[in-house]
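Novice: Could you put together the complete structure from these sequences and hints?
2 protein chains.
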Amino acid sequence: MSSVAIGIDIGGTNTKIGVVNREGKLLQHTSIETTSYEMVEDYFRGMANAIRELLVKMEGAPALVGVGVGAANGNYYTGTIDRSTNLRWKHSIPLAKMFQDEFKVPSLITNDANAAALGEMVYGNAKTMKDFVMITLGTGLGSGFVCNGSLLNGHNGIAGELGHTTVNPNGRYCNCGKRGCLETYVSATGIRRTVYKLLADHLEDSELRGISFDDLNTKMITDAALRGDLVAKLCFDYTGRILGMKLADTVVHTDPEAIFLFGGLAQAGELIFAPTIKSMEENLMPLFRGKVKVLPSGLQNQAAPILGASSLIWDHSENQKKV
Amino acid sequence: MSSVAIGIDIGGTNTKIGVVNREGKLLQHTSIETTSYEMVEDYFRGMANAIRELLVKMEGAPALVGVGVGAANGNYYTGTIDRSTNLRWKHSIPLAKMFQDEFKVPSLITNDANAAALGEMVYGNAKTMKDFVMITLGTGLGSGFVCNGSLLNGHNGIAGELGHTTVNPNGRYCNCGKRGCLETYVSATGIRRTVYKLLADHLEDSELRGISFDDLNTKMITDAALRGDLVAKLCFDYTGRILGMKLADTVVHTDPEAIFLFGGLAQAGELIFAPTIKSMEENLMPLFRGKVKVLPSGLQNQAAPILGASSLIWDHSENQKKV
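Same order as they appear, the protein sequences are chains R and P. Sequential numbering of the first sequence, starting at 1, is according to my numbering. Sequential numbering of the second sequence, starting at 1, is according to my numbering.
A few of these clues could be false.
[Stated by the list, open to error] DMTMM-like mimics (lysine to aspartate or glutamate), calculated; alpha carbons at most 25 Å apart, straight line: (1) 90(R) to 282(P); (2) 178(R) to 257(P); (3) 130(P) to 318(R); (4) 130(R) to 318(P); (5) 291(P) to 82(R); (6) 130(R) to 82(P).
[What the hints assert, rightly or not] What follows is a list of derived Cβ distance ranges for each label pair: (7) 201(P) to 169(R): 18 to 24 Å; (8) 289(P) to 168(R): 16 to 22 Å; (9) 203(P) to 214(R): 50 to 56 Å.
These aren't lab readings, by the way, just hints derived from the structure by calculation. The C-beta atom is built at its ideal place from N, Cα and C for all residues, glycine as well.
Specialist: Have a look at this one:
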């Protein structure tokens, strides 16, 4: 009988749920609308029902080894989601315990970027690495650290919030309440803010002048840059320069072998990688120069958060065997 | 028969050597002048002779379990000192192997700040902690990270160079070749530079106006501040504000339980701790506020680097037993 893990990626809009085997193959998947539930109990019931429906579809009745969850503000130690920034439930949600009670298997939670880092190590481009950093570029900027082969959780279980390092203490306002956080510059939202800053600063024509802030997205900026639009190109340079400068600080903290970039902004390829690497090297202590690779994630973008969440379970069950 | 480890603290001017027992008691110590040797082989011979002389003085002929070395640019993985910034020998020095061959016991090297972090964990105020950061404030700013109970070495064995994170890319020139590094502001040298900046900016009388840059030291600035000297007080505020801002970035990387400050500047007490903590909390992502202690090191200043270096050996021999 084969074994499978459930991976759940909780987003503010949608919750994606998948059945994943040890090799990282997504066997079944579905999603439910996070926003369509008023009460957290009903939301949990929606997830549990979706999991049962997926398992029923599986041939050979595989054994469920656990439920892994990736969510913003997910805490590995407590198994809770606390002070969520993108869910309507702001109290501490004991989700791991709820899944354990429901399915009688281990359940683990971590933040979405930590889940992606584990996914990269278990199934992706970091299979042979013991020290690396995963940067997830979505609405915000998330990060997960693997040090000496293990996920870095920290004392309170909330390590790896690089999106809230400070670029400029008097800079852009951030959702977290601070100003000048890295994610206000480097994220899908950040790059839109940069387009508007540059359209304000420069006189040049740009196809982006015809698009409202609400309508603008990373793909439009990427396409414009590829067509030679000056403002769009400057926008990637500006974003990469800031990301590279802050990654240089990160490198001297943990001395990683590689930094992986994941998500929509990373899909812009050389447009974002080239200025990021240039700026990182320029801002790096000379001892570290030329030593750190900046690479695209090896996980398929769509399935990665589910794979990452499920890898919490495989990583845990394999560590258990070692003890 | 009791067991002892040798701890060596290699500084640019002096090399301190001590015999330390498992409880962290410095039983014997001596020092030799680093600068008085032309050839690295003679310097090594000087250290080896000093060690033998110390061991001969010991009652009961204790068993030597190993030789631990803390040195700027010491690499734990390779056992070498590479591209030293404060020694005259710039090639890679295979010091661990030299001690192993000489004394037929394990020898381990790490950078001086990592040695201090281990010392804090093995003998000091971090005995019950699994996640903390050690900041050493000397001529430069060193740092060592303990994560999940282990020293963070990183992929190349050079993790924890917080002194070379960037405060301002167009800021003060740094020995490392970059500009605006944290240690150009926060260190014994950095605070002297800040005194001169503030004396240039302000009109107020200050007892520090009578002291040349070469003669100025941290104790003079501390004493002046305690006597109410405005420039000296502003100087600690300026230094603490920058240190706190950068520590806020560090906290969101590794989520430590505590940050320890060690060295001359830390001995200024509240003068440096108060503005550092205030600035760290102000610049911290709200999720982390009030969670991280900033504390003085629990190691006696003089002996700490020797104790730290010797703790490399105890930490290693105990990890060996666990396997």
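Novice: Within 25 Å, alpha carbon to alpha carbon, are residue 130(R) and residue 82(P)?
Specialist: 23 Å, holds
Novice: Starting from residue 90(R), check that the Cα of residue 282(P) is at most 25 Å away, please.
Specialist: Holds, at about 23 Å.
Novice: For the pair we were handed, residue 130(R) and residue 318(P), check the Cα-Cα distance against 25 Å.
Specialist: 23 Å, holds
Novice: Kindly confirm whether 50 to 56 Å is satisfied by the beta carbon distance between residue 203(P) and residue 214(R).
Specialist: Given range 50 to 56 Å: holds, Cβ gap about 52 Å.
Novice: At the C-beta level, are residue 289(P) and residue 168(R) separated by a distance inside 16 to 22 Å?
Specialist: 20 Å, holds
Novice: Within 25 Å, alpha carbon to alpha carbon, are residue 130(P) and residue 318(R)?
Specialist: 23 Å, holds
Novice: Tell me if the straight-line CA distance from residue 291(P) to residue 82(R) falls inside 25 Å.
Specialist: 15 Å, holds
Novice: Within 18 to 24 Å: is that where the Cβ-Cβ distance between residue 201(P) and residue 169(R) falls?
Specialist: The hint (18 to 24 Å, Cβ to Cβ) holds, given that residue 201(P) and residue 169(R) are roughly 20 Å apart.
Novice: Are the Cα positions of residue 178(R) and residue 257(P) separated by 25 Å at most?
Specialist: 22 Å, holds
The structure is consistent with each of the numbered hints, conforming to all of them.
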